[in-house]
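Given the sequences, and given the hints that come with them, work out the whole structure.
Per UniProt numbering, the very first residue in the sequence shown carries number 1; after that it's consecutive.
These are computed hints drawn from the structure, not numbers from a lab. Ideal Cβ positions, reconstructed from N, Cα and C, are used throughout, including at glycine. Check each hint, because a few of them may be wrong.
In silico EDC-like links for lysine to aspartate or glutamate, alpha-carbon gap of 16 Å or less [unchecked claim]:
1) 69 / 3
2) 107 / 153
3) 107 / 51
4) 36 / 5
5) 89 / 150
6) 36 / 3
7) 62 / 150
8) 69 / 81
9) 99 / 160
10) 85 / 3
11) 107 / 155
12) 69 / 88
13) 36 / 80
14) 162 / 122
15) 162 / 128
16) 62 / 44
17) 36 / 88
18) 89 / 160
19) 99 / 163
20) 69 / 94
21) 89 / 155
22) 107 / 150
23) 162 / 94
So the derived label-pair ranges between C-beta atoms look like this [claimed, not checked]:
24) 82 / 22: 18 to 26 Å
25) 140 / 19: 28 to 36 Å
26) 150 / 18: 15 to 23 Å
27) 25 / 4: 58 to 66 Å
28) 139 / 79: 23 to 31 Å
29) 3 / 108: 41 to 49 Å
30) 156 / 51: 21 to 29 Å
31) 156 / 57: 30 to 38 Å
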Amino acid sequence: MLEFDVKNQAWTGRSWQYVLEDNQNAIGDFNMIDAKHGLVIERDNGEGTADRACAAGAATDKCFSQIAKFKRVYKIAFSDENVGKPVEKVSYIDLLNIKDPQNLARKPLNNGVLTFPFFTIENVDVVDANHIIVGNDNNFPLSSSRQPNEADDNEFILLDVKELLSQ
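Here's what the structure looks like:
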């Protein structure tokens, strides 16, 4: 991650590293939320949920061969102390384990929680002091993460994450 001074229109020469939890993971999005913090979507390449996983050797037309296991939004911190080093991962939201005590989800729950099992989770931003919005790109008609081999909708979820944002 390279620092650019917008006012002076110049690179500062400062940089930071983001260390993936698994080398097979990828970054779906990254946005600064203030001068020292950012939000990063880190995800695996899986899609779909365990209840729709393929049995060993099964055809994959009605099931998922590589289910989603890792989908997170991290809050990260930049500081003078970690210049040239990994950013600090302050906290995270697990997008495969979203509590829904008020039953607000418009999609079916899996084991009592909302999952966001998309391969292409590519949008995260702050809405206000308490909320972030996370979205997927359905790559219409190529992504299928809710139902095997059925085109996904673009979905956006509004998450109340006051604790995450205030850390």
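Discussion item. When the structure is checked against the list of hints, which entries are broken? Sort them ascending.
Written reply: Violated hints (numbers, rising): 1, 5, 8, 12, 14, 16, 18, 21, 26, 27, 28; every other hint is consistent with the structure.
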